[in-house]
Amino acid sequence: MKMPKTTIAVAAALVAAGAFVQFSADAQGLKMRDREKQERGKAQGQPRLPNTTRAENEAILPLYQAVQAQDWTAARAAVPAAQAGAESPANRYLVGQLMLNTGRGAEDARLQAQAVDQMVASGGAPAEQIGTLLNVQADLAIQAQNWAAAEAPLTRLLASDPNNVQRITTLAQVKLRLNRGDEAQALFQRALDASTASGQAAPEDLYRRLLATAYEARQPRQSIDLSRQLVRAYPNTTNWRDALLIYRQLSNIDGALDLDSRRLMRVVGALESEADYVEFADQLSRAGLPGEVKAVLDDGVARGKLPAGGPHAELLTRANGLVAEDRAGLAGQRAAALASAEVRPVLGLADALASYGQFAEAAELYRAALGKSGADANLINTRLGAALAQAGQRAEAEAAFRAISGPRAELAAFWLLWLERRPG
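All residue numbers in the sequence shown are consecutive under the working numbering, ending with 1064.
It cannot be assumed that every hint is accurate.
Unchecked claim - Below, computed lysine to any residue pairings styled on SDA-like, alpha-carbon distance capped at 20 Å: (1) LYS945 with ARG906; (2) LYS945 with GLY909; (3) LYS1012 with GLU965.
Hints listed in this document are in silico derivations from the structure and should not be mistaken for laboratory results.
Start from the sequences, fold in the hints, and give me the full structure.
This is the structure:
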């Protein structure tokens, strides 16, 4: 029977710490004492373990001798009496050592865990072994999925090394298993702070765990903020997608804001599923933007996300039939749109130009729209910032996004995050 790798690792740690009983010197001592007694004619039966009372010796010696003989069946049977009879901290610790030898010899992980518990609780462990014993105690408890038992040693370890990121994270995971999400979240945040304070990049997994605890606790503001922290530290496509999906799920967004959030998803490459593309294209179609419908669906086809003959085919056919006429008519609308006192004509034309990738021209009209009657400055600045960003005008785009307040400010913050890595 092979020992599990985790058990082997535990045993190795304990051997290194000197937690197992070493029999060479101790056994020789017992033999010498027996000979001395015999030579003096005072032999009175069983050998005597050092530093034990008569009662302790009677309780512990059978376990000691069974372990020395590697008779693991007898050793197991002798454990309860030895535990009950050991009175001093040193002898309670000795019993724990003997139990550990027995557990190792019998390949009994449960007995090894009990042995470590005995040694930790004994009060007799050498100071230099406490850290190793607590580590092993926690590891064995986690291996057995005994989360309550893992909590105490991890807490003690953390008290002596409060900025150990790995230990903080492990304790946080244990707290999650114990359904104490608030404590876990605080610990994950502590681990993140400790990691960054050390000048090292916090692991991506740590950001994701902290985000997960906030999301599961239904904390919208914290979740959205943490999702941006994740993207800032690790700006890969998966994190962008997760962050924007969390933003969309946890924000009370209207149809126009939903459409603009999908536009950012496309810019950062976060559209992944067939549904992402089809739903986005359908929204654009209903908004009367065939050029953008075509662009979105063409992207999906090029990326292999839209299978031939899928539900997008009808949308694409319809858009292809409208694009030429729609685009040809845009130039003739400019003068009338700019002359109108109302915002709708100029905003609609700006949206249409942006849908064809004419971002610089669209930005000019969005600026004009800001001065029109009925203008929604936050909506217009969102689209102005997006147009400027895609036109390569970073500073101007940042200014537009920073002018946004209200529900759109969160989306603007994501755009600003994307701009951080764009050329100035």
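Taken at face value, is the distance from the CA of ARG906 to the CA of LYS945 at most 20 Å?
At roughly 13 Å apart (the allowed maximum being 20 Å), ARG906 and LYS945 satisfy the hint.
Are the Cα atoms of LYS945 and GLY909 separated by 20 Å or less?
holds, 12 Å
Holds or violated: LYS1012 to GLU965, with C-alpha atoms at most 20 Å apart:
violated, 27 Å
Hint check: a violation occurs at hint 3 only; the rest are consistent with the structure.
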